[in-house]
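So the chains spell out like this:
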Amino acid sequence: MSMKISRTAIAGAVALLALAGSVQAADGTLKIAYLEGLSGPFANVGEVGLRHLQFAADKVNARGGVLGQKIEVVPFDTKTSPQEAQLVFKQLVDQGIRYMMQGNGSAVAIALTEALAKHNSRSPDKTVLYMNYGAVDPSLTNDRCNFYHFRFDADVDMKMHALTSYMAAQKDMKKVYLINQDYAFGQSVAKAGRAMLAKKRPDVQIVGDDLHPLGKVKDFAPYIAKIKASGADAVVSGNWGNDIALLIKAAKENGITANFYTYYAGGLGTPPVIGEAGVGHLKQVTVFHSNIGGSKTAEEVAAYRKRFPDSKDDFYWTSIMTAVDMLTRSIEASKSTDPTKVAFAMEKMKADQLTGEVYMRPENHQLVQPIFVSTFSKANGKDVKFDVERTGFGFKTDARIEAKDTVLPTTCKFQRPKV
Amino acid sequence: MEFFLVTTLNSLSYGLLLFMLSSGLTLIFSMMGVLNFAHASFYMLGAYFAYQTSTYLGFWPALVIAPLAVAFLGALTERYGLRTVHRYGHVAELLFTFGLAYIIEEFVHLLWGRAPVEYKIPEILDFSAFSIFSTQYPAYRVFMMLMSVGMLACLYLVLTRTRIGLIIQASLTHPEMVEALGHNVPSVFMTVFAGGAALAGLAGVIGGNAFVTEPGMAASVGTIVFVVVVFGGMGSLAGAFIASLIIGAVQTFSVAFDYSLATLLTGLGVQLNTESAWYELWKVTIAQAAPVLPYILMVLMLIVRPKGLMGTREG
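Heads up: the sequence lines are chains A and B, in that order. The opening position of the first sequence corresponds to residue 1 in my numbering, with each subsequent residue numbered one higher. The opening position of the second sequence corresponds to residue 1 in my numbering, with each subsequent residue numbered one higher.
Because the hints were derived from the structure by calculation, they are not lab data. Watch out, some of these pointers could steer you wrong.
[As the list claims (entries may be wrong)] When the alpha-carbon atoms are kept at most 25 Å apart in a straight line, the in silico PhoX-like pairs for lysine-lysine are as follows:
id	chain 1	residue 1	chain 2	residue 2
1	A	Lys59	A	Lys306
2	A	Lys218	B	Lys120
3	A	Lys175	B	Lys120
4	A	Lys306	A	Lys191
5	A	Lys306	A	Lys70
6	B	Lys283	A	Lys216
7	A	Lys312	A	Lys70
8	A	Lys191	B	Lys120
9	B	Lys283	A	Lys312
[Claimed, not checked] Using C-beta positions, here's what the derived DEER-type ranges look like:
id	chain 1	residue 1	chain 2	residue 2	range
10	B	Met1	A	Lys200	43 to 51 Å
11	B	Gly89	A	Pro213	49 to 57 Å
12	B	Ser134	A	Glu114	45 to 53 Å
Note that beta-carbon positions come from the ideal geometry of N, C-alpha and C, so glycine has one too.
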């Protein structure tokens, strides 16, 4: 008897839950879950991305939303931990959210794609679509690729390809030192850097290859002493967040003159730390920076600064803008908010972005876009129009690698869902 | 040579900072028999108070005000927290400090947010003090070392040359006797607790801007401080001093060694390749294992000599 009652109760509860789910979907907002470390050592990085997503969503909402629905950003704190992120993923599924965005930390991204793949194959009628704006471990669009995962930043190999092509042309470069964070992303930077430099400049010596714990090192002075002792004239680092700011801070304090080739020195505390000492020495490889030129770029940067006037806020993540733009147009093209239909539309998307024409690559869902190598320089109102973090210094383009030249072979073979 | 000198200086400055933290912890332990889990939280509060004060008054007033504020909080903690909990035994005290650490962390989250705050070193100290061959050595590190050594000297003088020091030392070993002589032992305890907290606060003031001031800073330094105290011997100031310098050197120097078990095995004539069993493990270099080395040292010390380097009591 009691057995029977409990079964009825469970059935009732399930029905109620299902009802709640459908009510949520029909309440007129399109929810995008934002999964990022909003506490812990990388909280500042997570907050910057959130402001960009809000900025992009506001623009869509200002012109009436998408299919009559407003975009609502729902932030979740993953503490930049893969385990925590998988729990958060369950939460957003329970809340009936169908779109999610993440970009900081490839270890988190890998955990999320695994959870996503499992969920989507089990519940084909409740699929979730994953927009990755910055987790750039190459495996995410190669061996670990997934039909519902789309990456809007260029991956480690694409960026390293661009960066090493530029480095190869620096005739006076003799000794290179690699220092990276010890996890999926940092390891792939080190591996790609080694392999590509060996191919493009066999005469250059790799004098060091360090992996340090992610987000735990508060004092980089010992590493800098080691770099100094190696006699390196160029340092390559994929470090991000505090790990790059503290590395550069220690380098400056110890008076290192080597060139720093970085992935993420462009913001979040690094420019104010180095100041004048970085001019000509600090370089970055990115898919965007504020001084790539064009009146549209200038307008966008100005609009962002108006919305977020704090000196620490700079327009940085074009990948978030592209993701939201492609999402809304894919929803409009497929006339549906069902992630599976939207994904089919999204993989054929082209877009006219600040950097030029970009497109989604259908084989592995990697956005193909130009890549820039730029150097820290004094702002001059001309080619260095915008400074970073109001320091009076900004980035100046050294090389622009066209979109078609950034395409690399892929091993991705994902199964497309049947419709 | 250049590398050796610079790294030695780096390890000294780090080791001295560790000592500033662990001296308070070890004093409190030897006096009250309580391992204060919230000690590193006082370090964090010192950094945040200094940051807040320096935005209004500048760095130098903060150097005085922040440790005093932390000392005040320490005194309150002892008077209205620990003393009440004391009668329920050591486990209750331990749990109390454990909970306090979490409360302080959440308090910091609420007040200053979860991201690092911009607590900068004062401009007057932002230059390179001298050069070792071609490496510049930042003046602020020199300042840190001077502060630590100065504090060490003061602590030593207070404990050995003043009446207060004598009473403190006596209360450490013979509290009943001291009480019988008419001294207020509970207030001595409170003073020591406040003093220990102030030392941690001072370490926070000068460490917060040299490294990063963020809510995770207590957790990141907390475990290391315990290692220092256990390694040096519970309750021994001299032990804590030596242990701080050793742990500082181990953490700083280990970064430089790219040797792994694979290097050793290859040297012994064992052939290794990516197919070998446990290849990933053999390949881990000392530099990569740096964060875990202090804990290995602690475990070894506990096995070989459970009372620590200079400790007087067993276990």
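Restraint status (C-alpha distance of B/Lys283 to A/Lys312 at most 25 Å) | At roughly 41 Å apart (the allowed maximum being 25 Å), A/Lys312 and B/Lys283 break the hint.
Under the criterion that the straight-line Cα-Cα distance not exceed 25 Å, is the pair A/Lys306, A/Lys70 satisfied?
-> Holds. A/Lys306 to A/Lys70 sits at ~22 Å (cutoff 25 Å).
Measure nothing beyond the straight line between the CA atoms of A/Lys312 and A/Lys70; if it is 25 Å or shorter, mark the hint as holding.
-> violated (28 Å)
Taking 25 Å as the top limit, are the C-alpha atoms of B/Lys283 and A/Lys216 close enough?
-> This hinted pair holds, its Cα atoms lying about 21 Å apart.
Given the proposed pairing of A/Lys175 with B/Lys120, does the C-alpha separation stay at or below 25 Å?
-> violated (33 Å)
For the pair supplied as a hint, A/Lys218 and B/Lys120, confirm whether the alpha-carbon distance does not exceed 25 Å.
-> Given pair A/Lys218, B/Lys120 holds - Cα atoms ~14 Å apart, limit 25 Å.
Between B/Ser134 and A/Glu114, does the C-beta distance stay in 45 to 53 Å?
-> holds (48 Å)
Is it true that the C-beta distance of B/Gly89 to A/Pro213 lies inside 49 to 57 Å, as the hint says?
-> At 38 Å between Cβs, range violated.
So the hint says 43 to 51 Å: do the beta-carbon atoms of B/Met1 and A/Lys200 match that?
-> This hint is violated: roughly 34 Å between Cβ atoms.
Given the hint that A/Lys191 pairs with B/Lys120, does the C-alpha gap stay at or below 25 Å?
-> violated (35 Å)
Distance restraint between A/Lys59 and A/Lys306, which requires alpha-carbon spacing of 25 Å or less | Between A/Lys59 and A/Lys306 the Cα gap is close to 14 Å, so the pair holds against 25 Å.
Within a Cα-Cα threshold of 25 Å, do A/Lys306 and A/Lys191 meet the stated pairing?
-> violated (41 Å)
This entry does not satisfy hints 3, 4, 7, 8, 9, 10 and 11, going by the numbered hints stated previously.
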